[in-house]
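Chemist: Residues per chain, in single letters:
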Amino acid sequence: MAKLTILEFPDPRLRTKAIPVAAVDDELNALIDDMFETMYAAPGIGLAATQVDVHWRFLVADVSPDQSQPHALINPVILEKDGVRVSEEGCLSVPGYYEDVQRAEHIRVKFLNREGDPVEMEADGLLAVCIQHEIDHLDGKLFVDYLSEAKRQRIRKRLEKSRRHQAAAAM
Amino acid sequence: MTAGQQGARLRATAAQVIDAVTSSGRSLDAALADVEEKVAVSDRPLLRLLCYGSLRHHWRLQSWIDGLLSRPLRSRDSAVNALLAVGLYQLGETRIPDHAVVSETVEAARFLGRPKLAPLVNAVLRRALRDRIFENDPSNDEAAYDHPRWLIDALAVDWPDDWKDIVAANNARAPMWLRVNPAHGTAADYCARLAARGIEATLLPAAPQAVRLGAPQPVDTLPGFADGHVSVQDGAAQLAAPWLLDGLSGRVLDACAAPGGKSGHLLELGGDRIDLICIDNDATRLEAVAANLRRLAVEATPLCADASDPENWWDGVPFNGILLDAPCSASGVIRRHPDIKLLRRASDIGELARRQAAMVAALWGLLAPGGRLLYVTCSVLAAENDEVIAQFLEANRDARENNVLQNNNIRDLMRDKACGFQILPGTKDLDGFYFACLEKVS
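Respectively, the protein sequence lines represent chains A and B.
For what it's worth, the numbering used here labels the leading residue of the first sequence as 1, then goes sequentially.
For what it's worth, the numbering used here labels the leading residue of the second sequence as 1001, then goes sequentially.
In case anyone wonders, no lab produced these hints; they're calculated from the structure.
Quick reminder that beta carbons are idealized off the backbone N, C-alpha and C, glycines included.
Be a bit skeptical, because a hint or two may be false.
As the list claims (entries may be wrong) - Straight-line Cα separation of at most 30 Å, DSBU-like style, residue types lysine-lysine; simulated pairs: (1) K1341(B) with K110(A); (2) K1116(B) with K161(A); (3) K151(A) with K1341(B); (4) K3(A) with K157(A); (5) K1116(B) with K3(A); (6) K17(A) with K157(A); (7) K1116(B) with K157(A); (8) K151(A) with K110(A); (9) K161(A) with K3(A); (10) K1116(B) with K1038(B); (11) K1038(B) with K1440(B).
To be verified - Covered stretches of chain B, as calculated for chain A (at least 3 residues, CB under 8 Å): (12) 1095–1109; (13) 1254–1266.
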């Protein structure tokens, strides 16, 4: 297994719209293992393929406190949304920033599991929010897109500045 | 996605609460009340766990911190010291995964306004994990028993065979006990109502109204709580009212009534047979008594007054019974109030004993011949208990101890003292309480 590099806002590759996975094979499953490892190490509760510069439609998530409920969703499609929930979100591609975002409280989603079988799942609360957040990534969308233009620019500038500092320090 | 920062913020809040106790001498209840409003209801149990746990294990955690830091933090960074305690408590005593503890606790330094100390918090917690300090034997008695030196010594003198059990009980988490109002059924009936909601509960033969919950519950989830069907009260405290009222009627005084747990119990049992006067010298706390009695739909006469100064409030009509639940060190209820171990000083005990003696002496004059005074404390220290009563009995020829217990179930809980009886904390999962029943010779 290997830890992957996570793209950071405003990297233009995060704006790529991913294409459906054609075949659930060993190569894909190895990539899913790497994404779990990357997500747990970060630490994060969800990671979309887009964020590691792989532009296929799949994501991993685990919102449990003890890494006991891993979910891998391949070609996910939301079938139903219900209710409203505002919660504070952060993103491994927007490190250090947390903002309130409004999402559906409850969703029903269909996807392929790691064996390639089609399944349906209901999700509530944090898991529902997380899956919606990750599917946005597969569509080239970030949680900062829900914020005001001024706030998004402020975050972009600060992240660019801190990266320039890191680059300078590394030289 | 990453989880929001509620986790980091909550740890910062816990550190502030702990710091308010350890640095400013605030009580844990008051410090929690200051912040709890701003914390989401779903996060409050974790906040309480972190605050209670970190204070309960203060000495062990501090010995680890001292060993991990090359030099102590400055006193103005005391909140960061408290944050280190919160972090080490989680690593050593909870099942929260290590990586989550480290990231949330490091991030919390920023919410304490100390971002520059975040790397230090990170280094200390990671070193604690690498060095496996949680497996090391504690470096001294205070750390080994998580009690201050003076209290270990005092307990060892008063309870040479039991002090280690007392210390262990003090460091355990307290259960939640209820008192079932007999106007709304028996304790067994109430257990059935709880069982219907999936809440596990057990009975205590010595206290027929007592129910011990398998796990603590918010009161608003208890059936009939708002309508006075049950009150929250430790099983040991429930022994006082039936003891005082045994065969007694007429005028009764609850001399230090707040927050009104025992007043309510006296009225549940005494009904119209007794005329209860509740006094307390704190007007705000007396309000809590009134609210408690309203919930139970019972009536008493509340009076804001000092029990040790009856000249200022007593109307001269004697009482047949007096319950004196005296202000004390609370050394028997440390499991419910771990901050007691930090806030009390050895020098407090003598002062408390003098006040207790003064209260018994002052109230004795209010008792009718043949009347009964039940002296109660939630302390386990002889200086506040049997020594106060022994001295009083020696000085007052018209006072006699009644050492007959009502039944064997009660006897099984009690340790005999030279005068009076002690329940040690943890006995049948009860709080530590002392009782002495004095009667006035007619």
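Chemist: Take the hints in turn and mark each one as holding or not.
Modeler: So, going through the hints one by one against the coordinates:
no., hint, result
1, K1341(B) with K110(A), "56 Å, violated"
2, K1116(B) with K161(A), "19 Å, holds"
3, K151(A) with K1341(B), "48 Å, violated"
4, K3(A) with K157(A), "27 Å, holds"
5, K1116(B) with K3(A), "29 Å, holds"
6, K17(A) with K157(A), "24 Å, holds"
7, K1116(B) with K157(A), "22 Å, holds"
8, K151(A) with K110(A), "34 Å, violated"
9, K161(A) with K3(A), "25 Å, holds"
10, K1116(B) with K1038(B), "26 Å, holds"
11, K1038(B) with K1440(B), "52 Å, violated"
12, 1095–1109, "holds (count 6)"
13, 1254–1266, "violated (count 0)"
Consistency note: the structure conflicts with the earlier hints numbered 1, 3, 8, 11 and 13.
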